[in-house]
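Undergrad: From first to last, the protein sequence lines stand for chains F, W and G.
According to this note's numbering, the first sequence is numbered sequentially starting from 9.
According to this note's numbering, the second sequence is numbered sequentially starting from 28.
According to this note's numbering, the third sequence is numbered sequentially starting from 88.
Hints in this document: simulated from the structure, not taken from any laboratory.
Mixed in with the good hints, there may be bad ones.
Covered stretches of chain F (in silico footprint by chain G; criterion: 3 or more residues with CB under 8 angstroms from a CB of chain G, positions within the stretch not fixed) [claimed, not checked]:
#, segment
1, 151 to 163
2, 167 to 177
3, 208 to 217
Only some residues are given here: those of chain G computed to face chain F with a beta carbon under 8 angstroms [as the list claims (entries may be wrong)]:
#, residue
4, L258
5, M261
6, A269
Restraint ranges, calculated between C-beta atoms of paired labels, are given here [claimed, not checked]:
#, chain 1, residue 1, chain 2, residue 2, range
7, F, K116, G, A115, 47 to 53 angstroms
8, F, G129, G, G101, 51 to 57 angstroms
9, F, S66, W, S126, 51 to 57 angstroms
10, F, I91, W, G97, 49 to 55 angstroms
11, G, G296, F, R193, 24 to 30 angstroms
12, G, E331, F, K125, 32 to 38 angstroms
In this text, a Cβ means the ideal position worked out from N, Cα and C, and glycines have one as well.
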Amino acid sequence: MITAERKPLEEIIDYVKPFKRILLLGCNECVTVCAAGGRKEVGLLASGLQMAMLKAGSSIEIREHTLERQCDPEYVEELVPMIDGADAILSMACGCGVQQLAMRFKDKPVFPAVNTKFMGGSQRQGVWDERCQGCGDCLLGITGGICPIARCAKQLMNGPCGGSCDGKCEIGEDVECAWHLIWERLKALGLQDRYLEIMPAKDWRPAGGAGPRKIIREDLAE
Amino acid sequence: MESFEPVIVAFCCHYCAYTAADMAGSQRLPYPSNVKIVRVPCSGKVDALHILKAFEKGADGVYVAGCLEGDCHFKNGNDKAARRVDYVKRYLEEIGIESERLMMVRMSAGMGARFAQVATEMTEKIRRLGPSPIKAAAA
Amino acid sequence: MKTDSYLEKVLAAGHLAVTSECGPPRGATAASVQDKAKYLDGVVDAVNITDNQTAMVRMSSFAGSVLVRQQGMHPLLQMVTRDRNRLAMQADILGAYALGINTMLCLSGDHTKFGDHPMAMNVHDIDSIQLIQMVKTMRDEGKFQGGAEIKGAPKMFIGAAANPFADPFELRVMRLAKKIAAGADFIQTQCIFNIEKFERWMEGVRKMGLHKKCYILAGVTPMKSVGAARYMKNRVPGMDVPTELVERMGSVEKEKQPEEGIAICVETIERLKQVEGVAGFHIMAIDWEEKVEEIVKKAGLYPRPQVQ
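Same shape as in the complex, but just chain F (with noise of 0.2 angstroms):
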């Protein structure tokens, strides 16, 4: 899924302190899963921005409304009797939430309440890790189901560096060497010769390098 934090409040209020009426966004996708921007994010949101504008001297109106995906034009479209009603939009969705209610209402100030950190998954409660980085053409087939694009910090194709230590990365005891993971899971599978295997300069166009990505299914779209 995509993760995502909330930002600091102070962030958040010099946002939306120039306006009166705030339509207040959540969504039920990913930013509900890792407790970020679901109903329950979006109701503590609004209950800590009127008490710190309270505090200010200023108030503010706040209609708190979650959508079941914001990055769907058709859950959008929900918000049309409302938009009037508000000043400007601040979502608790991922950025591309953000993005499509900014599309949807050109003359309507849209601010983003969350910062979109990485695709990951939950490791335990509360607990999330970063997991793929969406490079468009993937390796885990090759890497034992264990990404060096997302994992590594440096991104080696061909690792582990000379910083490996105990099964850790040089950058910090809490980050996980992924070469000595892809390394013990090729040792469990009896595939140790594929480590031998030079892994060719990657093609970066179909991870961005060629600019913003599409895809288009032609039995789909209309």
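Given chain F, work out where chains W and G should sit, using these hints.
TA: Here is chains W and G on its own, set in the frame of chain F:
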């Protein structure tokens, strides 16, 4: 300031603090009437939003009272509550509310005296801190 | 002979080669490179010019190499994949070769986290092994990485690094094999303090016949003080300094410690000379270039051979 009577919301777990409050009553142990008790099935049931709404609606102080370590009726709801309280404390500071206005306490069902003591101490602490800045701003 | 590299000639003639390094300054003063390099003139066969080492901004290794070349010495251009993409690296390789630099070392580089610009993007468009491949393709096939033909291909003698002390140990020989397969002509190793572990690594190297496929220069570093020894033992990722050596450094009084460090370094070289497959030495005397001559002489590696 002389006449400031704080409003304190105490989220009390049904299995410990709420029973301890009862015990305090039956033992004729006095505690300040400033403390408004909200009974919850487990301290782990108290959400960040409940705490925040209490402050938004005018509470000067809030505490969550759960079972002693290892004694949660639902395994570890009290530990979850403690972590949540820490999280909300940080958020309160961001909002501009002193984090001392929020506290996690632990006790068992038999600790009537402790319940009365906590209620008294919290009331005194909040009295010293003065009205919540939110209440002051709204007034 | 693949190239005109002086280092290649020394090695091909069967001599034990000696290289050392010179870290460019954190400023635009040419004299600081020239002064450091002077200590190494006639003492070593090639001088590594480091590339933003430890991820700290310094004068470019390219410019430093040119300065050393102008002094009539043989620079060894270090290049890390951390700071440039493949276009920039190939452009620098063409330029360096045009200015008389024909020996280089391909590295991935320390992470920016350790340097003075931790906020910078790590490029890593390609990794060190892919850089080796790229330089070899430029030299042997006269082609850019993208496939187009080079008019006037750079003939670089290609070096790579190896760290026998990093984990997992069982991969360390295999990774060297990959670097050689990619096109490394010579190897400079991480500083060797733990000789037994290095010997174990070399056993694996010989078992795969890798010492016959490329020249392995054993890296050594003289320790200045017991503090430096401790720092390298505890703080430098991928460094293996045995406790006995730290204790030995600490057992002599402070003023005598530099001398002791040099003695250890010379003893290390003497022992490494006995290891089959060691083709030379890379002496990394960090900010202590003036001592390299003494080490080379005491280790019986002086005078340096003259080759054509």
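Undergrad: Does the structure break any of the earlier hints, and which numbers would those be?
TA: Failing hints, ascending: 9, 12.
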